[in-house]
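Engineer: Please model the entire structure based on the sequences and the hints provided.
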Amino acid sequence: MTAVHALLLPVGADLYALPVDWAREVVAAPTLTPLATAPQVVIGLFNLRGQIVPLLDTAALLGLGRVETTAFAVVVASAQGLTGLATTGFPRRQLLDAPIGPAELPGTTGQHRVGPHVATLLDLAALLSPEWVRDPGSRLDPTPTWDD
Numbered sequence: 001m002t003a004v005h006a007l008l009l010p011v012g013a014d015l016y017a018l019p020v021d022w023a024r025e026v027v028a029a030p031t032l033t034p035l036a037t038a039p040q041v042v043i044g045l046f047n048l049r050g051q052i053v054p055l056l057d058t059a060a061l062l063g064l065g066r067v068e069t070t071a072f073a074v075v076v077a078s079a080q081g082l083t084g085l086a087t088t089g090f091p092r093r094q095l096l097d098a099p100i101g102p103a104e105l106p107g108t109t110g111q112h113r114v115g116p117h118v119a120t121l122l123d124l125a126a127l128l129s130p131e132w133v134r135d136p137g138s139r140l141d142p143t144p145t146w147d148d
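According to the numbering used here, the sequence shown is numbered sequentially starting from 1.
Rather than coming from a laboratory, the hints here were simulated on the basis of the structure.
These numbers were taken from a predicted model, which means no experiment stands behind them.
Each residue gets a CB set at the ideal place from its N, CA and C atoms; glycine is no exception.
Certain hints may be false.
[What the hints assert, rightly or not] Cβ-Cβ distance ranges computed for the label pairs, FRET-style:
no., residue 1, residue 2, range
1, D97, P34, 36 to 44 Å
2, F90, R134, 27 to 35 Å
3, G65, S129, 16 to 24 Å
Structural biologist: Now the structure itself:
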């Protein structure tokens, strides 16, 4: 795999990355309108110059709990339109070298060294699919049942 131009997303104590060509802009502390009937990963909606954009909880998309605060929203373009990903710190650009290891989480494609840290590269095509947003837990390894 060749180097990846990425945007690093701090989410709590973790560091995630997305290919920079997915990113459209970064919004500081968007004003959110909650949606009672939305899937649990949807934190709320925000207005981006007249366009309503859903803000997704990046940690919840990966099955890792919920972010406590949303300092920034990284707006990405997908087949479903513009979507915001919640981050707890300021995103920054980084050239990622070849992966140092395989992805451990569903919805990710590999792990990359970033100085003393490790960033996990997100598979946005999978994470932003309507099926994943509705039920991210269905993509995690199933718990064995007695019938198996």
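Engineer: Next step is simple, just say for each hint if it's right about the structure.
Structural biologist: Checked hints:
Separated by about 40 Å at the C-beta atoms, D97 and P34 satisfy the suggested range of 36 to 44 Å. As the Cβ distance of F90 to R134 is approximately 30 Å, the hint placing it in 27 to 35 Å holds. A C-beta distance of roughly 21 Å is found between G65 and S129, which places it inside the suggested range of 16 to 24 Å.
Of the numbered hints stated above, none is contradicted by the structure.
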